[in-house]
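Number of protein chains: 2
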Amino acid sequence: MFDIEVAKKEIPFNRESLESTLKSRFFYAPAFEAYGSVAGLFDYGPAGCAFQANVVDQWRKHFILEEDMLEVDCTMLTPYEVLKTSGHVDKFSDWMCKDPKTGEIFRADHLVEEVLESRLKGDQVARGLLSNANEQAAEDAEKKKRKKKVKEIQSVKLEDDVVKEYETVLAKIDGYSGEELGELMVKYDIKNPGTQGDLEPPKAFNLMFETAIGPSGQLKGYLRPETAQGQFLNFNKLLDFNNGKIPFASASIGKSFRNEISPRSGLLRVREFLMAEIEHFVDPEDKSHARFKEVSDLKLKFLPKETQQAGSTKPIEVSIGEAVSTKMVDNETLGYFIARIYLFLIKIGVDPTKLRFRQHMANEMAHYAADCWDAELQTSYGWIECVGCADRSAYDLTVHSKKTGEKMVVRQKLDEPKEIEEWEITLTKKLFGPKFRKDAPKVEQYFNELTQEELASKSEELKNSGKITFKVKGVNNDEDIELDDKFLTIEFVKKIQHVREFIPSVIEPSFGIGRIIYAIFEHSFWARKEDTARTVMSFPPQVAPSKVLLVPLQSNKELSAISADIAKILRKEQIPFKIDDSGASIGKRYSRNDELGTPFGITIDFETIEDGTITLRERDSTIQVRGSVKDVLKAIREITYEGVSWADATKNLKVFASQQDEE
Amino acid sequence: MFDIEVAKKEIPFNRESLESTLKSRFFYAPAFEAYGSVAGLFDYGPAGCAFQANVVDQWRKHFILEEDMLEVDCTMLTPYEVLKTSGHVDKFSDWMCKDPKTGEIFRADHLVEEVLESRLKGDQVARGLLSNANEQAAEDAEKKKRKKKVKEIQSVKLEDDVVKEYETVLAKIDGYSGEELGELMVKYDIKNPGTQGDLEPPKAFNLMFETAIGPSGQLKGYLRPETAQGQFLNFNKLLDFNNGKIPFASASIGKSFRNEISPRSGLLRVREFLMAEIEHFVDPEDKSHARFKEVSDLKLKFLPKETQQAGSTKPIEVSIGEAVSTKMVDNETLGYFIARIYLFLIKIGVDPTKLRFRQHMANEMAHYAADCWDAELQTSYGWIECVGCADRSAYDLTVHSKKTGEKMVVRQKLDEPKEIEEWEITLTKKLFGPKFRKDAPKVEQYFNELTQEELASKSEELKNSGKITFKVKGVNNDEDIELDDKFLTIEFVKKIQHVREFIPSVIEPSFGIGRIIYAIFEHSFWARKEDTARTVMSFPPQVAPSKVLLVPLQSNKELSAISADIAKILRKEQIPFKIDDSGASIGKRYSRNDELGTPFGITIDFETIEDGTITLRERDSTIQVRGSVKDVLKAIREITYEGVSWADATKNLKVFASQQDEE
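These protein sequence lines are chains Y and P, in that order.
FYI, the numbering used here numbers position 284 of the first sequence as 284, with every residue one higher than the one before it.
FYI, the numbering used here numbers position 598 of the second sequence as 598, with every residue one higher than the one before it.
Just so you know, same-sequence chains aren't split out, so a pair can sit in one copy or run between any two.
Simulated crosslink set (PhoX-like; lysine-lysine; CA at most 20 Å straight-line): (1) 568 / 630; (2) 578 / 61; (3) 578 / 237; (4) 471 / 442; (5) 23 / 237; (6) 402 / 471; (7) 578 / 557; (8) 347 / 572; (9) 61 / 568; (10) 245 / 588; (11) 430 / 486; (12) 572 / 61; (13) 473 / 84; (14) 467 / 435; (15) 245 / 578; (16) 203 / 98; (17) 568 / 293.
Keep in mind that the hints were calculated from the coordinates and are not lab data.
Keep in mind it's a predicted model, so treat the numbers as computed, not measured.
Construct the entire structure; sequences and hints are all you get.
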């Protein structure tokens, strides 16, 4: 039996060769190449676009259809206020440093990293531990697809404790604030590596693309950095659509944007990208999942935060059931999605040995998140975050609700009424109008939004001084307002609750489709040992851009007619195919399609004219079998859409020793 | 037999009722409603999103798969230079007038239209021909979903010739330039209708959203106004992918953007919208189409430009074959796509009686276009352009090629070499370097881009005066340059051509998916005469958001278990379905799903427990039949995915007289 894993290992992976295949078969290309192209923008050609469409189709089936999710399609244009509330206006930034003389702009963390790395290299040269430092640096830069900023390694020995210090800084490089990066730059005298000119201190550069909506130019907007906010803002409508019941999930597939300071690493870091995101709304007091038992035995590779803190990258392999029961993974719903993410990625062609789930460290995680795991895929650029799976708690709904005054809650009838005690405020509304006039609603809203803790403290104030003092934005010029107890009372009262009202938590699996696609390109790529120029993309048939190549043996009327008949059947059955009736040799025609990842080839030859049989060729093994058109198409359909194995699907077809293939 | 067309006519269409259904079933909603929403931005909810996904899926099958088109996915972010070349920076504008006192902004053509219309109304009141002018104006405004700018109709009689003049202006309102609109405003004394304040003259407002790419803010970009430019710029790669052969077509499905001055008419005029565009590249000397005969007998309704110029809106109904042979439609390829557009629209639920093809008038059409037809759909807002089908000639490839210096041509080996005579320029390159230094390539490029006509005239100049005078942008401060005949010769020479090189023409069918979807909403909507509150969306099963509603008769363990089993089969077969096990009556549950357009209902009742049979309900007729799970699901599959009729698919199922339904 042909073993593709063996074949993959025989010729070491070569990124240049992959890139050449991706380019020549137009999977993707830099956008606007005729105009010199723009960093971080890529177009998908026919092969990449079909592959992407198939991945999205599988995603929709695996998640949306399978779990009855509510798909929504929200706008990319997003007004300022929404992203101010979500925190993106203030926090969705990288740090950049400008050279005031040359106008060059550097991303601060990358610059510090590169300069310290180059000094460590220079130290090793000085210590005689490294001879070809410059060559190696060039190679490293190439590996990371970075334009080198540090052009040459200087042989300078460092003190031992300086080496240690640099190494510590590098290990923590992803966690520094802008101020800290600025301090590091001063402390280690980091300048423009090209000119040795001074740099301005790091400034936050917001990564959202800004634009103006409408003709006045006064409504500031952004291109969304994620699809999530649109889903949150439709929560009430979705809850209503779901008859008021939770848990339920919404989902969205669409483009998002990130104005990278200096994009690199091809498809892995781009300015416009396709995302698929799920927002699963769940009771914060019950994060169990009805279907968890279906996946609980699945073994996965985990890199929990403790392992990382101990400086190790060796993953723990346990079942997701165990991971949840030991609390390594916070809850069942999070665990369920981690398992489903795994199953999805494997289905579309990710190599399971190159997939791990890495937990976010405390300092990486948003303050509100309960837990967060990334599905990371190993590529020649290192381990790349391709799917995030976070428990965002009730953060987003809470902030939007608070900002807009629109309640975003679930109401559940309690089986038994419950007695509770709580602070209750009563406003003497008829006094509010005369005192505050048009501002009265604002003041009332201020009181309605007070938390239990705030009410308790205001009650104390009212009791002690007979009045309370407070401020409301936009009222009384933002100055103190005083009200006495004629205006309001605050009491601790007993109440019977019939309905429980709560803001749900959100579990968010978030997929970067382009990154996953690139990782699959690497995982699927190999070269035949007979001829390393003959490369193959071993995509699973389900996601392969085209499923079948029709090859009439020669340019001949009869053969063409049969090929047209088969094409008609394939078209009717909606099996994507291509015909190659060019003059090229059979071997060459198949080779081209191996590079496109087309799993099946059909040859129409002179025997076909006689007895109606055709050959079916399997891409990876190049094995050929022969049978009637009907039987061959049945085999293709079963393997591609019904998950039947090649061996089972072709067991009634005759093995065929080809004379003409593979020349 | 139940006749849906009769049912539709019994209760007149009511847009308010439709909008209420679309809202309550969350087909779509204004985006960011909690934040007060933004005009022209809409989110699709689960029903609308699934409908949209099905329409896109059908589009992909009908066009891309059926015709082997090359789908590409290009970026929305587009650099300035590209859209400058395409003409969008200079011409993609509407005219706006600002009131300098209030800051209000009006779209000039809409303002002129509204003011003149209101004066004509006022004239009719003065003449005693109209009594309730203000009410009617309000109604008209509501119909057009416009905010009324003119608040009140003044009863003022106009001279007869003024009435005539106003009417002429209104008939041509779409064709005025900004300057002309400004002149009309002065001539007719048109001011801010609210304040009677003076307005500034109309200024062009570019409808593209602008943004800055990268951290320096210096790379200006736009959100694309159409997907076409990305396809043109990939022409060479696509031609290569297609082994150098034409005709072939590329296609793209994705969002485009248009910063409307004041959006209105719901989904019909929005700022962010889904487009599906085809660029079919064809030999300008042979625009025949291989599959034209398959559609040539199809009869369609045409509104050619001559009919419109004669002031008529009565369409001509002829076959597309005749339309092409009489040259009413310019060529076969354009005709083929017009027919294919028709077939697509009908398949997804457009009412054929509300569909016509309107030809662009000479003044509407871009100067380079050879012919252009819009598929217009009739809605309560009038006839709406939903698909454009234009022959753009070789314009786009020519301008991009000229701008970037990248040739975008097809090369065809000639069967027989051809002798041609043409002007040829020969540069003495060794003299160019010393004279022009770094500018030499620019000057050489200038000469390489000269057309045959220009070469002929330069040759004349050189012959007469021994030198030529010309300008090159960026060279010699843009001043005149002189060269004598030592630098170049221009001769009329005979040549043998073996290869024909040409820039292909482009036929572009361009679909506004959101507009089509809204028109289908109107065309599919009706109310039951028994109870007009019970509305129905009669989508074709193929595009209906969900296909089946599973309804267990009562809340009961056994019924739920059976319903879960059926759900499992449906999920496996990837037939979208919903379960409604709420306590609501069967009739209510079906009603809700009639509004969602779900074509089939399955009731699981106590008989099911006994004999395994279920009922199948058809949405429009509410007819029910009964049979085994297997037979019922087979019928659903055949009707939904294989185009079998209800009568044929259910002929072996028993008609079922329901007791519980439709209460």
